[in-house]
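Peer 1: Here are the chains, one letter per residue:
2 protein chains.
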Amino acid sequence: MFEAKTYIDRRNLLRKSVKSGIIVLLGNNEAPRNYPNNGYHFRQDSTFLYYFGLNHSGLVGVLDVEADTDCIYGNDYTIDDIIWMGDQPAISELATSVGVKKSYPLSELSKTVLSAIRRGRKIHFLPPYRLHNTVQIAQLQGIHTARVHDYVSKELIKAVVAQREIKSAAEIAEIEKACDIGYKMHVAAMKMCRAGIYELEIAGAIEGIALQFGNGVSFHSIVTQNGQTLHNHYHGNKLTDGRLMLCDAGAETLMNYCSDFTRTMPVNGKFTDKQKDIYNIVLAANIKAQKEAKPGVTYQNVHLAVARVMAEGLQQLGLIKGNIDDAVANGVVGLFMPHGLGHQLGLDVHDMEDFGENYVGYDDITTRSAQFGLGSLRMGKVLREGHVVTSEPGCYFVPALIKKWEREKINSSFINFQKVENFLDFGGVRLEDDILITAAGCRKLGKHHVPITVEEVEETMM
Amino acid sequence: MFEAKTYIDRRNLLRKSVKSGIIVLLGNNEAPRNYPNNGYHFRQDSTFLYYFGLNHSGLVGVLDVEADTDCIYGNDYTIDDIIWMGDQPAISELATSVGVKKSYPLSELSKTVLSAIRRGRKIHFLPPYRLHNTVQIAQLQGIHTARVHDYVSKELIKAVVAQREIKSAAEIAEIEKACDIGYKMHVAAMKMCRAGIYELEIAGAIEGIALQFGNGVSFHSIVTQNGQTLHNHYHGNKLTDGRLMLCDAGAETLMNYCSDFTRTMPVNGKFTDKQKDIYNIVLAANIKAQKEAKPGVTYQNVHLAVARVMAEGLQQLGLIKGNIDDAVANGVVGLFMPHGLGHQLGLDVHDMEDFGENYVGYDDITTRSAQFGLGSLRMGKVLREGHVVTSEPGCYFVPALIKKWEREKINSSFINFQKVENFLDFGGVRLEDDILITAAGCRKLGKHHVPITVEEVEETMM
Chain C
1 MFEAKTYIDR RNLLRKSVKS GIIVLLGNNE APRNYPNNGY HFRQDSTFLY YFGLNHSGLV
61 GVLDVEADTD CIYGNDYTID DIIWMGDQPA ISELATSVGV KKSYPLSELS KTVLSAIRRG
121 RKIHFLPPYR LHNTVQIAQL QGIHTARVHD YVSKELIKAV VAQREIKSAA EIAEIEKACD
181 IGYKMHVAAM KMCRAGIYEL EIAGAIEGIA LQFGNGVSFH SIVTQNGQTL HNHYHGNKLT
241 DGRLMLCDAG AETLMNYCSD FTRTMPVNGK FTDKQKDIYN IVLAANIKAQ KEAKPGVTYQ
301 NVHLAVARVM AEGLQQLGLI KGNIDDAVAN GVVGLFMPHG LGHQLGLDVH DMEDFGENYV
361 GYDDITTRSA QFGLGSLRMG KVLREGHVVT SEPGCYFVPA LIKKWEREKI NSSFINFQKV
421 ENFLDFGGVR LEDDILITAA GCRKLGKHHV PITVEEVEET MM
Chain S
1 MFEAKTYIDR RNLLRKSVKS GIIVLLGNNE APRNYPNNGY HFRQDSTFLY YFGLNHSGLV
61 GVLDVEADTD CIYGNDYTID DIIWMGDQPA ISELATSVGV KKSYPLSELS KTVLSAIRRG
121 RKIHFLPPYR LHNTVQIAQL QGIHTARVHD YVSKELIKAV VAQREIKSAA EIAEIEKACD
181 IGYKMHVAAM KMCRAGIYEL EIAGAIEGIA LQFGNGVSFH SIVTQNGQTL HNHYHGNKLT
241 DGRLMLCDAG AETLMNYCSD FTRTMPVNGK FTDKQKDIYN IVLAANIKAQ KEAKPGVTYQ
301 NVHLAVARVM AEGLQQLGLI KGNIDDAVAN GVVGLFMPHG LGHQLGLDVH DMEDFGENYV
361 GYDDITTRSA QFGLGSLRMG KVLREGHVVT SEPGCYFVPA LIKKWEREKI NSSFINFQKV
421 ENFLDFGGVR LEDDILITAA GCRKLGKHHV PITVEEVEET MM
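Heads up: the sequence lines are chains C and S, in that order.
In this text, residue positions in the first sequence follow my numbering: the first is 1, and each later residue adds one.
In this text, residue positions in the second sequence follow my numbering: the first is 1, and each later residue adds one.
One or more of the hints may lead you astray.
Unchecked claim - In silico BS3-like cross-links for lysine-lysine, where the CA-CA straight-line distance does not exceed 27 angstroms: (1) S:K274 x S:K158; (2) C:K5 x C:K19; (3) C:K321 x C:K291; (4) C:K274 x C:K191; (5) S:K238 x C:K184; (6) S:K101 x S:K238; (7) C:K288 x C:K276; (8) C:K447 x C:K294; (9) C:K288 x C:K184; (10) S:K294 x C:K191; (11) C:K291 x C:K444; (12) C:K444 x C:K184; (13) C:K184 x S:K184; (14) C:K238 x S:K184; (15) S:K404 x S:K274; (16) C:K321 x C:K158; (17) C:K184 x S:K191; (18) S:K288 x S:K238; (19) S:K238 x C:K447; (20) S:K403 x S:K274; (21) S:K294 x S:K409; (22) C:K191 x S:K184; (23) C:K419 x C:K270; (24) S:K447 x C:K238.
Derived by calculation from the structure, the hints in this document are not laboratory data.
When you get a sec, could you build the whole thing from the sequences and use the hints?
Peer 2: Take a look at the structure:
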């Protein structure tokens, strides 16, 4: 936890950014796994953590804009609980530890909200993503659960995004801790990777590292020799000589700040020339992104600059033909990289994605493209100092997608499908780093450099 | 997955055990962690797994008792999904793989249920433990979510318990696989345990092992130098010379069968005489349980036999005084072991606890005691061949509980509180194995023997 002043300052700023009313921030509750008392590892809501810092289930924070006060609602443990659970802090002590002067039992919350509604005051809440919180909001507001999302406060979303997206030095230090755990995970994966081992063994081992040094993985790791399948959480394959293994994994610190790296490596420890050709295009794209990212530039334009580097590389290999500018403008690179260059990163690995991607990655100036590929870009807007984003170019050969484009003649004047078909069994390459936008440009986060060049990866795997 | 015949047979038997109506078995859905698309590791409902074996989210199985048919409801992936996720089996293929001939989109389910309700047929469902399923049942039945539990089918609960609690040879083989992962975890914990290491490092490492070789831990591990705190999931302490570390952890196989072991070890690798005194009482209790457990005996009586062994040991140390039979009958051992001897184990680490403990551990013949300690026993009823239970005696010195009993003069004629106070900083010891009730008695599960004697533990830690 940060010191109380950090949370007091954050709440003060939020109360000033919202015109009027009360702001209700719901913490998370235990989530049952296979029976009521066998819960998943508790994960607090990130916005609740940002403003209240308390990593306990069943809490709600309320900020009163006009009265300029904050309070915490939650239920104390009973003496019987303490026999089984050991000493537990009272809710009032938890509140005090983060500079909140008032606390009440949870049953008081509905009275507070009801009284505000009766006086015609605005109730601000964020989009719930757990059904428990959807139901809680519906009950507090006296509305049907199906209508909860209509009542979400856009004013609150915008105010929270404006605060959370600019990371303080202390937050950056936490993200760097997460990066250092990520470094350990990725080096371990490189050292374990060999023909005959199951993907699951590597995925489990790196998740163990994330749990040893922090709060576990920041998302379900992708560890696969089928990197061309983008949303691939299957870990059942035995690694095969000649394939590439793609490892996309990150950690959370005990304060829930995240990292997110991707590396791709040859299962047998040595890249073939064909693998190097594609790999080095992606590496050049990764370097290009870090050269272009700086305050004042949109990340959409950084994505396009990266797409151009990829198009040039693919043209040299004969997979793309025609005018490069036209190819990029027509979204040809989307066939090879159907996803965006990156997303914001912080207390969530896709930071604040629960609010809706467009509130976080776009604004009145930069709107989301409708083009296949570029349209998947989560973070498109102007970069500012203090933003933390991922830079994750990739190049994949997705058989179903290639066949679809060929069949539907999409961008067929730019693509040499005959050559592309030589790569149908290639798989995919992605190289992802976490970068901080600085006054001068950007810098990669993490004390340790995760091996990335062909030589570094091969050496680590030896 | 087992072969289709296994699931067909299980469903046939269930349809025969329930008099009439339709049986609706809800699978689980993805559970969001910190935003909608960042879910927890998917865990299928155990009863759904038992009857349908399909480890996919968003499925519902329906058994029609009179028509003697089964079907699966679920939604197929779209072609766009497949571009991102790779080839996915159709619902009809999933159904066929477990011998179910009919499958429908999920939207058809409400029609099926509504039509059965209209014809006055009974709708059987189990107690939901995830809010998503509570809401789904409420909507299907047209009732308020708060009333769902009133509509639960006790007939179905009893029929499912009767089937699931007798483990087949194939199930026992799976549980033994889980035990072998548990063996690896506990030996690793013994080897890592030393002063100066954080509990979290050990907890993370053993969870990593569970993820490398199976589906992860079967419950949130307890790894603590404060074993006297029974519900202790805090892993923040640095281990201290002189303390005992208690490690209660188990694994799930990829088919979701569970193991559950506890071992207790001296942080510095050598038990003191005082630690050995208590440890050997618990070890004797563990051995006694395995001597007594056999078909026809209630597990409540095995608990009481174990309590007697503990009372004798504690009397020899001067902590308990007076007549041993009276001490046991009065629940004196509850001060030192406030929990029960064990619970059933299978597809859940507390098998079928979602139905309610009394449906699983008690019946018309054996009812739950109201006495502190014995009343916490989860499995009390007559043991039968094919039951799998944990045997987990423990001895703890819980300061808050000791002070309460002393203050309230509970069982004061049997307890030498002055001597007990010498143990206030002792911590706790628990030794837990998983046992199968056989025709002749019982046997410990797992190919490998998890070190348990003082000598074995000390040697493993060397």
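Peer 1: For every hint, state whether the structure bears it out.
Peer 2: So, going through the hints one by one against the coordinates:
{"no.": "1", "hint": "S:K274 x S:K158", "verdict": "violated, 46 angstroms"}
{"no.": "2", "hint": "C:K5 x C:K19", "verdict": "holds, 23 angstroms"}
{"no.": "3", "hint": "C:K321 x C:K291", "verdict": "holds, 26 angstroms"}
{"no.": "4", "hint": "C:K274 x C:K191", "verdict": "holds, 23 angstroms"}
{"no.": "5", "hint": "S:K238 x C:K184", "verdict": "holds, 21 angstroms"}
{"no.": "6", "hint": "S:K101 x S:K238", "verdict": "violated, 56 angstroms"}
{"no.": "7", "hint": "C:K288 x C:K276", "verdict": "holds, 18 angstroms"}
{"no.": "8", "hint": "C:K447 x C:K294", "verdict": "holds, 21 angstroms"}
{"no.": "9", "hint": "C:K288 x C:K184", "verdict": "holds, 25 angstroms"}
{"no.": "10", "hint": "S:K294 x C:K191", "verdict": "violated, 49 angstroms"}
{"no.": "11", "hint": "C:K291 x C:K444", "verdict": "holds, 11 angstroms"}
{"no.": "12", "hint": "C:K444 x C:K184", "verdict": "holds, 16 angstroms"}
{"no.": "13", "hint": "C:K184 x S:K184", "verdict": "holds, 22 angstroms"}
{"no.": "14", "hint": "C:K238 x S:K184", "verdict": "holds, 21 angstroms"}
{"no.": "15", "hint": "S:K404 x S:K274", "verdict": "holds, 24 angstroms"}
{"no.": "16", "hint": "C:K321 x C:K158", "verdict": "violated, 43 angstroms"}
{"no.": "17", "hint": "C:K184 x S:K191", "verdict": "holds, 21 angstroms"}
{"no.": "18", "hint": "S:K288 x S:K238", "verdict": "violated, 34 angstroms"}
{"no.": "19", "hint": "S:K238 x C:K447", "verdict": "holds, 25 angstroms"}
{"no.": "20", "hint": "S:K403 x S:K274", "verdict": "holds, 21 angstroms"}
{"no.": "21", "hint": "S:K294 x S:K409", "verdict": "violated, 37 angstroms"}
{"no.": "22", "hint": "C:K191 x S:K184", "verdict": "holds, 21 angstroms"}
{"no.": "23", "hint": "C:K419 x C:K270", "verdict": "holds, 24 angstroms"}
{"no.": "24", "hint": "S:K447 x C:K238", "verdict": "holds, 25 angstroms"}
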